[in-house]
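Whole structure, please, built from the sequences with the hints as guidance.
Residue numbers (my numbering), protein chains in the order written: chain L, 1 to 468; chain G, 1 to 468.
Read the hints as simulated data drawn from the structure, not as lab findings.
Hints may contain errors.
Just so you know, same-sequence chains aren't split out, so a pair can sit in one copy or run between any two.
Stated by the list, open to error - No farther apart than 30 Å at their CA atoms in a straight line, the calculated lysine-lysine pairs in the DSS-like style are these: (1) LYS165 / LYS182; (2) LYS165 / LYS464; (3) LYS165 / LYS230; (4) LYS463 / LYS411; (5) LYS124 / LYS366.
Only a predicted model underlies this, so the values are computations on that prediction, with no experimental measurement involved.
Protein chains: 2
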Amino acid sequence: MDAAEFRRRGKEMVDFVADYLENIEHRRVYPDVEPGYLRSMIPSEAPLEPESYEDVLKDVDRVIMPGITHWQSPHFHAYFPSASSYPALLADMLCGGLGCIGFTWAASPACTELETVMLDWLGKMLQLPEDFLAGTKGQGGGVIQGTASEATLMALLAARCKAVKCVHESDPQRSEADIISKLIAYTSEEAHSSVERAGLIGGVGIRMVATDEHFSVRAETLEKMVAEDKAAGFIPFFFCATLGTTPSCAFDKITELGPLCNAENIWMHIDAAYAGSSFICPEFRPLLDGVEFADSFNFNPHKWLLVNFDCSAMWVKKRTDLIGAFKLDPVYLKYDNQESGMFRSLKLWFVFRMYGQSGLQAYIRKHVELAKVFETMVKKDKRFEICAEVVLGLVCFRLKGSDELNEALLKEMTHLGRIHLVPCKLRGRFVLRFAVCGRTTELRHVQEAWTHITELSSELLLKKRNEA
Amino acid sequence: MDAAEFRRRGKEMVDFVADYLENIEHRRVYPDVEPGYLRSMIPSEAPLEPESYEDVLKDVDRVIMPGITHWQSPHFHAYFPSASSYPALLADMLCGGLGCIGFTWAASPACTELETVMLDWLGKMLQLPEDFLAGTKGQGGGVIQGTASEATLMALLAARCKAVKCVHESDPQRSEADIISKLIAYTSEEAHSSVERAGLIGGVGIRMVATDEHFSVRAETLEKMVAEDKAAGFIPFFFCATLGTTPSCAFDKITELGPLCNAENIWMHIDAAYAGSSFICPEFRPLLDGVEFADSFNFNPHKWLLVNFDCSAMWVKKRTDLIGAFKLDPVYLKYDNQESGMFRSLKLWFVFRMYGQSGLQAYIRKHVELAKVFETMVKKDKRFEICAEVVLGLVCFRLKGSDELNEALLKEMTHLGRIHLVPCKLRGRFVLRFAVCGRTTELRHVQEAWTHITELSSELLLKKRNEA
Ligand SMILES: Cc1ncc(COP(=O)(O)O)c(C=O)c1O
Ligand SMILES: Cc1ncc(COP(=O)(O)O)c(C=O)c1O
Chain L
1 MDAAEFRRRG KEMVDFVADY LENIEHRRVY PDVEPGYLRS MIPSEAPLEP ESYEDVLKDV
61 DRVIMPGITH WQSPHFHAYF PSASSYPALL ADMLCGGLGC IGFTWAASPA CTELETVMLD
121 WLGKMLQLPE DFLAGTKGQG GGVIQGTASE ATLMALLAAR CKAVKCVHES DPQRSEADII
181 SKLIAYTSEE AHSSVERAGL IGGVGIRMVA TDEHFSVRAE TLEKMVAEDK AAGFIPFFFC
241 ATLGTTPSCA FDKITELGPL CNAENIWMHI DAAYAGSSFI CPEFRPLLDG VEFADSFNFN
301 PHKWLLVNFD CSAMWVKKRT DLIGAFKLDP VYLKYDNQES GMFRSLKLWF VFRMYGQSGL
361 QAYIRKHVEL AKVFETMVKK DKRFEICAEV VLGLVCFRLK GSDELNEALL KEMTHLGRIH
421 LVPCKLRGRF VLRFAVCGRT TELRHVQEAW THITELSSEL LLKKRNEA
Chain G
1 MDAAEFRRRG KEMVDFVADY LENIEHRRVY PDVEPGYLRS MIPSEAPLEP ESYEDVLKDV
61 DRVIMPGITH WQSPHFHAYF PSASSYPALL ADMLCGGLGC IGFTWAASPA CTELETVMLD
121 WLGKMLQLPE DFLAGTKGQG GGVIQGTASE ATLMALLAAR CKAVKCVHES DPQRSEADII
181 SKLIAYTSEE AHSSVERAGL IGGVGIRMVA TDEHFSVRAE TLEKMVAEDK AAGFIPFFFC
241 ATLGTTPSCA FDKITELGPL CNAENIWMHI DAAYAGSSFI CPEFRPLLDG VEFADSFNFN
301 PHKWLLVNFD CSAMWVKKRT DLIGAFKLDP VYLKYDNQES GMFRSLKLWF VFRMYGQSGL
361 QAYIRKHVEL AKVFETMVKK DKRFEICAEV VLGLVCFRLK GSDELNEALL KEMTHLGRIH
421 LVPCKLRGRF VLRFAVCGRT TELRHVQEAW THITELSSEL LLKKRNEA
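Right under this line is the structure:
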């Protein structure tokens, strides 16, 4: 394929993508295929000679499309949103065309420099304390990671380095391996599994902290655990707070946890993967109060800020903490750099400028309002209950009754494929999660979804009554 | 920006990218900017209201382009190639448009299924032993990682898990932390820094193995180290072999190292980040002989197989090793899944089909031939010496004389920005690396590069003589 053909095919692909997104709501949101469906539909080996582009595109329709879960559909209410917008798509095209890798400054100066400035822009939008920004007298700064999971791992490793160094200074006899074997990290029982994983990778102990009735970690609970662990000879060194938990979008009380961590010399990392985007709105910014106590903070613009996957924004308050720790091991630093291999800051730049802060705020507000509408409808129907406070774009609810009943409801929904939700467990109970995800989700989609859910529920309850 | 505007802007962007790539060779390959150049060129905060797309595009030309190192230029001979091709760009556009995340099967069935089949296609192209493939009776299979560094880390963690389990079985008293503190990993002194980093992250000891006169690790050397470490109470558990080292594209002798690792119960991982792509050619496939002894193998289609960044292909021989180890920790498994968040297999599919195996082989062969041409020219000029055997697309060479002389030559080259090379150290000496990188690099570019280098060298040598 030469440049001339690329011009033609590229323009066709732009139309293909635009057509797809304009008509996405008419597709079944959840695919109707069985595991293993694909293998028998294509050859078992790569062709020896080139095939035509027409043949490849035909197979996209024949093989790929039937197996796609349509994340960008306004009927998609599963997980959390995976952001997408036209400006971000354009930036990604540019990024692919440039095909440059920014693993050091020299490898692509614009890449690394735009990243630092974009994270300052974003940090200011969130009203992060000045210490987190790079272009100030402070000692902080931001980097783009691929995912929140990577950011959590980086934070835990930085904290591990710092803790080892710190203990080592007061007790030079003690080996690094011995210190690491005593380190304890903490996170909410409601935290994303990536936190536990980071602990396993880092080879440190990890304890799950129980939450209060709002699914929030409280300082009192953590304080007790820390005291017990210290008494038993362990070294508490890391706490990963969650703002906006995966199951129910709950918020750990960082205004009380922060001072505790600071006093105990525990690195506090904040994982706000989903909720973080909302902090650009003044009315939601109080949810971030307490960030001034944190050592590092992270959220995913690729979830809710109209920036396509992947793009996770991470800030550290004191680069000295990070760099100081990493200077012992210069190879770490390269890891950090290499993570920003792609020119991800381009899509932030395009999105921030084409939407403006006001456009982004309006987008967040619309999603939260739609969630409130859904919540109101659930509350009006006495057969249902709300299972967690609705703070942002997620509603946790269930049919009053058994887990089996709710499982049956979800199974039928998934089977029909008109809307897509995933469940969670809250206090051991099976709960349905309704997340407002799509860029094009409107009031009518939310109303239709609720009508669909109530109709299925009526059928199910009737069937159950008839069986009884 | 609505779909209609995206159609228009997207088509303009296709032309922008095509124009860029068609005219790239007329640009200065290495940018002429100073660190920090960008910050003062753009506002210090995101705009409150949306800006026009024209303004954004103008700034791409004004702010970004002057700071780009043009990796896709035929004058780019630094590092190793970062692949790019039109079919891969089209696949990436599609992937962005779909905007789906495949972290589990249900999250996007086509995503995970195409990935497994594409890695079978690719494995067959490399003639990997059947045990590495998923669609056979064997127990192996492939996954796509972002980078080789991630693949190495995954392999080391899997090996760590397996080793801990194994020691624990024979000695149930011993704690996991104690076992980990005794684990030793090995890799070549010429290995990529990501291997040492993986060791540091995993909290295990890591030893650098000395290489022979061809910069290859030999079994004899490793055997001695393993024996010494065992005698001292350590537990050798992991060896990362390199096929195609970063400095000089040297090859560890895996035919002798493999049996040693198997006998010592050491997990052998093969990192063939760059060289791996060449193994699709029968004449280079012998370089991979010995892979049958490996537990895992990895290379980067994003380096030399026309697939845009990022895409690193990893196979394990026994999923049971991996899954068996990970079943203890189900959260690990999620990590593994989550790594394939993006629909990266699409670009493999597009590239394999649009080039065919024959087209890909021809592409590899052309690069190797160009490197041979360069080598021949270097050898003919008695002022220069070749510093390592030229096996694939990389030539290590230097002016006979001091490191300072060669440093001055490279500095002048970088300053002029007509071609771009980076150096390496071989046996402590400063050496220039000439890598054939561009998709559009032709004989004339290589000849021009050599003319440029010899002219600069003549000037430099003359100046030196005059100074003396
Ligand atoms: C609170 C939280 N943290 C982390 C993650 C994982 O994000 P990523 O896929 O970017 O690693 C999620 C995903 O939903 C999340 O909700
Ligand atoms: C031998 C080798 N391994 C690993 C890497 C790192 O690759 P990645 O950037 O995909 O992690 C390189 C990069 O040049 C390499 O040459």
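Comparing the hints with the structure gives:
For the identical chains of this complex, LYS165 and LYS182 are neighbours both inside a copy (14 Å) and across copies (20 Å), given an alpha-carbon limit of 30 Å. Within a single copy, LYS165 and LYS464 get their C-alpha atoms no closer than 63 Å, and across copies no closer than 48 Å, so neither meets the 30 Å cut-off. In the homo-oligomer, the alpha carbons of LYS165 and LYS230 lie at most 30 Å apart both inside one protomer (18 Å) and across protomers (28 Å), since each shortest distance falls under that limit. For the identical chains of this complex, LYS463 and LYS411 are intra-copy neighbours only, at 15 Å inside a copy versus 80 Å across copies, given an alpha-carbon limit of 30 Å.
When the C-alpha separation of LYS124 and LYS366 is checked against a cutoff of 30 Å, the pair qualifies only within one copy, where the shortest distance is 22 Å, while the shortest distance between copies is 50 Å.
Hint violations for this structure: number 2 only, all remaining hints satisfied.
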